[in-house]
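Asks: Read off the chains here:
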Amino acid sequence: MRIGLFATCLGDTLFPDAVKATAVLLARLGHEVVFPPEQTCCGQMHVNTGYQREPVPLVRGFAEQFGDAAIDAVVMPSGSCAGSVRHQHEIIAERYGDRALRAAVTTVKAKTYELSEFLVDVLGVTDVGAHFPHRVTYHPTCHSLRMLRVGDKPLRLLRAVDGIDLVELPEADSCCGFGGTFAVKNAATSSAMLHDKVGHITGTGADICTAGDSSCLMHIGGGLTRIKAGTRTLHLAQILAATRTAPYAPTEAVR
Amino acid sequence: MSRTFLGMPATPPRAPYGEGNLRGDAAFPRAAEGELRNEQLRRNLGRATHTIRAKRLAVTGELPDWEQLRDAGSALKTDTMNRLPELLEELERKVTERGGTVHWARDGVEANAIVARLIEATGSDEVIKVKSMATQEIGLNEHLESRGITPYETDLAELIVQLAHDKPSHILVPAIHRNRDEIRQIFLKEIPGVDPSLDAVPAHLAAAARAYLREKFMTTKVAVSGANFGVAETGTLSVVESEGNGRMCLTLPETLITVMGIEKVIPRYQDLEVFLQLLPRSSTGERMNPYTSMWTGVTPGDGPQEFHLVLLDNGRTAALADKVGRAALHCIRCSACLNVCPVYERAGGHAYGSTYPGPIGAVLTPQLAGMHAAKDDPNSSLPYASSLCGACFDACPVKIDIPSLLVELRHQKTEQSGTTPEKLAMKAAAGVMKRPKLYTAAQKAAGLGRVLGGRDGTISHLPPPFSGWSDSRDTPAPPRQSFRAWLASDEGAATLQGAADEGARQRAAAHDDPEEQR
Ligand code: SF4
Numbered sequence: 696m697r698i699g700l701f702a703t704c705l706g707d708t709l710f711p712d713a714v715k716a717t718a719v720l721l722a723r724l725g726h727e728v729v730f731p732p733e734q735t736c737c738g739q740m741h742v743n744t745g746y747q748r749e750p751v752p753l754v755r756g757f758a759e760q761f762g763d764a765a766i767d768a769v770v771m772p773s774g775s776c777a778g779s780v781r782h783q784h785e786i787i788a789e790r791y792g793d794r795a796l797r798a799a800v801t802t803v804k805a806k807t808y809e810l811s812e813f814l815v816d817v818l819g820v821t822d823v824g825a826h827f828p829h830r831v832t833y834h835p836t837c838h839s840l841r842m843l844r845v846g847d848k849p850l851r852l853l854r855a856v857d858g859i860d861l862v863e864l865p866e867a868d869s870c871c872g873f874g875g876t877f878a879v880k881n882a883a884t885s886s887a888m889l890h891d892k893v894g895h896i897t898g899t900g901a902d903i904c905t906a907g908d909s910s911c912l913m914h915i916g917g918g919l920t921r922i923k924a925g926t927r928t929l930h931l932a933q934i935l936a937a938t939r940t941a942p943y944a945p946t947e948a949v950r
Numbered sequence: 119m120s121r122t123f124l125g126m127p128a129t130p131p132r133a134p135y136g137e138g139n140l141r142g143d144a145a146f147p148r149a150a151e152g153e154l155r156n157e158q159l160r161r162n163l164g165r166a167t168h169t170i171r172a173k174r175l176a177v178t179g180e181l182p183d184w185e186q187l188r189d190a191g192s193a194l195k196t197d198t199m200n201r202l203p204e205l206l207e208e209l210e211r212k213v214t215e216r217g218g219t220v221h222w223a224r225d226g227v228e229a230n231a232i233v234a235r236l237i238e239a240t241g242s243d244e245v246i247k248v249k250s251m252a253t254q255e256i257g258l259n260e261h262l263e264s265r266g267i268t269p270y271e272t273d274l275a276e277l278i279v280q281l282a283h284d285k286p287s288h289i290l291v292p293a294i295h296r297n298r299d300e301i302r303q304i305f306l307k308e309i310p311g312v313d314p315s316l317d318a319v320p321a322h323l324a325a326a327a328r329a330y331l332r333e334k335f336m337t338t339k340v341a342v343s344g345a346n347f348g349v350a351e352t353g354t355l356s357v358v359e360s361e362g363n364g365r366m367c368l369t370l371p372e373t374l375i376t377v378m379g380i381e382k383v384i385p386r387y388q389d390l391e392v393f394l395q396l397l398p399r400s401s402t403g404e405r406m407n408p409y410t411s412m413w414t415g416v417t418p419g420d421g422p423q424e425f426h427l428v429l430l431d432n433g434r435t436a437a438l439a440d441k442v443g444r445a446a447l448h449c450i451r452c453s454a455c456l457n458v459c460p461v462y463e464r465a466g467g468h469a470y471g472s473t474y475p476g477p478i479g480a481v482l483t484p485q486l487a488g489m490h491a492a493k494d495d496p497n498s499s500l501p502y503a504s505s506l507c508g509a510c511f512d513a514c515p516v517k518i519d520i521p522s523l524l525v526e527l528r529h530q531k532t533e534q535s536g537t538t539p540e541k542l543a544m545k546a547a548a549g550v551m552k553r554p555k556l557y558t559a560a561q562k563a564a565g566l567g568r569v570l571g572g573r574d575g576t577i578s579h580l581p582p583p584f585s586g587w588s589d590s591r592d593t594p595a596p597p598r599q600s601f602r603a604w605l606a607s608d609e610g611a612a613t614l615q616g617a618a619d620e621g622a623r624q625r626a627a628a629h630d631d632p633e634e635q636r
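For the record, the sequence lines run as chains A and B. When you line the first sequence up against the working numbering, it's residues 696 to 950, in that order. When you line the second sequence up against the working numbering, it's residues 119 to 636, in that order.
Calculated from the structure, these hints are not laboratory results. For each residue, glycine too, the CB sits at the ideal point set by N, CA and C. Take the hints with a grain of salt, since some may be wrong.
Label pairs and their in silico Cβ distance ranges [stated by the list, open to error]: (1) Arg161(B) to Thr940(A): 49 to 55 Å; (2) Asp608(B) to Ala867(A): 23 to 29 Å; (3) Pro539(B) to Ala924(A): 45 to 51 Å; (4) Ala172(B) to Gly819(A): 32 to 38 Å; (5) Val817(A) to Lys545(B): 35 to 41 Å; (6) Ser607(B) to Val817(A): 27 to 33 Å; (7) Arg161(B) to Glu727(A): 54 to 60 Å; (8) Ala611(B) to Thr940(A): 40 to 46 Å; (9) Thr196(B) to Ala867(A): 29 to 35 Å; (10) Arg165(B) to Ala924(A): 38 to 44 Å; (11) Gly819(A) to Asn200(B): 28 to 34 Å.
Below 30 Å or equal to it, Euclidean Cα-Cα: the simulated BS3-like pairs (lysine-lysine) are [claimed, not checked]: (12) Lys517(B) to Lys806(A); (13) Lys804(A) to Lys545(B); (14) Lys804(A) to Lys493(B); (15) Lys339(B) to Lys441(B); (16) Lys493(B) to Lys562(B).
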């Protein structure tokens, strides 16, 4: 398959290791990974903060970069960005776009996937040949869980990883408190939510807390390092990309 | 309904906003701060919401057709809103035919005046009250008191709130923020003639309230209630409750006055079969609530011999005008969204500043009472009081997509608020994001942000407006190289080639050894 990789602005700029792992994983599974070079951002932060005119060029840019019929599928290591493309781009195009944009958005939306649903639903694999001998707990991010409905797909992928010690996270489906600008606008409420999430994570004794969104992991990781917890965060793609020959080696700062 | 529009100015062409207890004193973030520090509140809320979540999941999960019931509830509400005027007129006709009197109130002020006038006409200076959101919304109790009429709340939790001179913090469990010891203190102080040795055993507290209320039930001639449903087809009103105190108010007095929001009308009697399954399971987590009262006009020799229905608009027509936001009017006040909301669980109901707290309050309040964003209205902070986690949408028995409504209202807020620093920043960000060259240059500059990071590569203090974030979270310093720079590098190309080769080797090996086949 010819896969268009959307790095997401956050992944491209702040968390490149998660995107690298996504590219490596898809290449290892035998697919051609292409990176449309003019891609930037899906506009989610704008829409979720109440700005719908400003992201019109971003929505258009995404559709132009990935609309190419030679790209079979658009894959991204983020549930919330996939949710934005699938659920918000149409609203923006409908309200502030033209007919061409509406058509382009509908086309690209139909082939857009978050990583775990692409692996399980489209490629039909759960065992991706990964090896990861660590204790891991999984936090299902809200948008992957309730917007995309990925269900237990990430867990099925994790359970098939060789050597992994997967432990259940209590109250897994409660929000970590990130919510984009929510964590800034309502910092105190967000902190209270983060506090409980971090408590549940450290309670599992896991070395690694994983998820499908770098944004939520940034939030959780920021809370974990603040209390100097022994648990670090790692994107799901980085676990699935690790093998015996190319094991996971932390290159970014511990977070 | 058309008469509601009489006398309204031609422009702007929309119905007026509602008034009453629909606006707090402070924006949500500030109002929440005090509540967040209230350990007692956090504990009570945490315990109560967790218990009720589990109960709700058990009784909704056991129904094989729960999702279809939700769809039916949603469809019935959509249909109702689409033809609200004709349904209300049908309801008025039926109630009148059966001996009741219908009053139309444009807003809270009119409704309060109507109710006070009706009570005064009976000669009574006291009323007993059934728990009601609508009368809380319009501040009826305060109005009656100003006219020398004493209202007695008869719902146990509502009574506690009233005796404590407090405000409810939950739709269904108004005193969720109080514990037993506090309730005992309130009773000792406020109930005349209460046994001074009263302890904090729940049954004893309930008995003390019962003794106090029984006397009110037996002697008060007028009752005021809300309504959960008003059936247009038959003129039947319905109240759903747990304690039976509502039933007392609805049957014992001579005069009954019901204040009902216009969105509570449902088309047919048979539609109750859907809502009477959805409501108790979603609200208290019970298969059926203990008391469901229904009455139609006046029945000679049985129950109140005078019945008045006050139909309340108070901003509902304004909300109806919004084709996205109007879905908030579908709400059946079950409170499931409050009970699953992580923000409500921490901040509590008072932070929303409105009769309607929690996720539904965050979308309903600004629509009923407006959010004058340019004037720093606390209501304009409500659509932002959510992480958009979506738990409310999943719980809602009539499938109100609250997260999408929040995003819509946020957009309306930014459209109203003119030029703000935030809007300029958003424009600037979009300006960079839409120009890939500029974006790449900005990424390189972000890489320079590494100097902000300490030795461990994290940033622990940020300036406002991000200082609230950095109070409890570290932020990683940007990495040396962006993904796209890596991909374009020799290292990137070699790594991807290596991965492709390894995959090919794995597949070839699996092919040779079927045992290994994945
Ligand atoms: S919005 Fe839905 S879940 Fe919330 S109180 Fe109303 S009906 Fe219940």
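Asks: Next, verify each hint and record whether it holds.
Replies: Here's how the hints hold up against the structure:
Against the hinted window of 49 to 55 Å, the Cβ-Cβ separation of arginine 161(B) and threonine 940(A) comes to about 51 Å, which satisfies the hint. Range check, aspartate 608(B) to alanine 867(A): about 41 Å between beta-carbon atoms, so the 23 to 29 Å window is missed. Take proline 539(B) and alanine 924(A): their Cβ atoms lie about 35 Å apart, and the range 45 to 51 Å is violated. For the hinted restraint 32 to 38 Å between alanine 172(B) and glycine 819(A), the CB-CB distance of approximately 36 Å keeps it satisfied.
The hinted window of 35 to 41 Å between valine 817(A) and lysine 545(B) holds, with their beta carbons roughly 37 Å apart. The hint said 27 to 33 Å for the Cβ distance between serine 607(B) and valine 817(A), and at roughly 29 Å that hint holds. Judged by the Cβ atoms, the range 54 to 60 Å given for arginine 161(B) and glutamate 727(A) holds: they are separated by roughly 55 Å. For alanine 611(B) paired with threonine 940(A), a C-beta distance near 18 Å fails the hint of 40 to 46 Å.
Taken as a hint, the range 29 to 35 Å holds for the pair threonine 196(B) and alanine 867(A), whose Cβ atoms sit roughly 33 Å apart. Taking the beta carbon of each, arginine 165(B) and alanine 924(A) are about 26 Å apart, not inside 38 to 44 Å as hinted. Against the hinted window of 28 to 34 Å, the Cβ-Cβ separation of glycine 819(A) and asparagine 200(B) comes to about 44 Å, which falls outside the hint. Simply put, lysine 517(B) and lysine 806(A) have alpha-carbon atoms about 27 Å apart, close enough for the 30 Å limit, and the pair holds.
The straight-line distance between the Cα atoms of lysine 804(A) and lysine 545(B) is roughly 25 Å, inside the 30 Å bound, and the hint therefore holds. Taken as a hint, the lysine 804(A) and lysine 493(B) pair is broken in the structure, with Cα atoms around 39 Å apart against an allowance of 30 Å. In summary, the hint linking lysine 339(B) to lysine 441(B) is not supported, as the alpha carbons are separated by about 43 Å, beyond the 30 Å threshold. Proximity of lysine 493(B) to lysine 562(B) is assessed by CA-CA distance (about 39 Å); at most 30 Å being required, the pair is judged violated.
This entry does not satisfy hints 2, 3, 8, 10, 11, 14, 15 and 16, going by the numbered hints stated previously.
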